[in-house]
Amino acid sequence: MDIRRLVFGCVVGMVIVLVAACGGGDGDSNEYPSEVQSNFMDGCMGAGATQTQCNCAFDKVREKYTLDEFVQLENDISEGRRTDELTPIILECR
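So for the sequence shown, my numbering puts the first residue at -1; every next one is plus one.
Hints are computed from structural coordinates only; laboratory data are not their basis. For each residue, glycine too, the CB sits at the ideal point set by N, CA and C. Careful, some of the hints might be misleading.
[What the hints assert, rightly or not] Ranges of calculated distance between the beta carbons of each label pair, as one might list FRET restraints:
1) Thr50 <-> Glu77: 24 to 32 Å
2) Thr50 <-> Gly78: 24 to 32 Å
3) Gly44 <-> Leu89: 16 to 24 Å
4) Ser36 <-> Glu61: 12 to 20 Å
5) Ser36 <-> Ser76: 16 to 24 Å
6) Thr85 <-> Thr50: 17 to 25 Å
7) Lys58 <-> Ser32: 17 to 25 Å
Generate coordinates for the entire structure from the input sequences, incorporating the hints supplied.
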């Protein structure tokens, strides 16, 4: 399993859902909409990880980042910045 592919797979395709999800609420909330989790899981598993590994990674992401922080991270990764930030989380879940 290629870690870079897995990291990208975990975040690709979530921009629209995340932007829509962040339309309201407080920035300190760790409540991620179900669409965000579903897209994360689809991307993660599509990149070759197991459901258990992807659940682990999503739980760790949710513990570490507020939704707003994750939106920013996802945007940065999509634009080629901060691409290795999720690697330690994914490696923990292998």
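Look at the Cβ atoms of threonine 50 and glycine 78 and judge whether their distance stays inside 24 to 32 Å.
holds, 29 Å
Beta-carbon spacing of threonine 85 to threonine 50 - inside the hinted bounds 17 to 25 Å or not:
holds, 18 Å
Could you see if the CB distance from serine 36 to glutamate 61 stays within 12 to 20 Å?
This hint holds: roughly 19 Å between Cβ atoms.
Glutamate 77 and threonine 50 - C-beta distance against the hinted 24 to 32 Å
holds, 30 Å
Glycine 44 paired with leucine 89, Cβ distance criterion 16 to 24 Å
At roughly 19 Å between Cβ atoms, leucine 89 and glycine 44 fall inside 16 to 24 Å, so the hint holds.
Is the gap between the beta carbons of serine 36 and serine 76 within 16 to 24 Å?
holds, 18 Å
Is the hinted range of 17 to 25 Å satisfied by the C-beta distance from lysine 58 to serine 32?
holds, 18 Å
Checked against the numbered hints listed earlier, the structure breaks none of them; every hint is satisfied.
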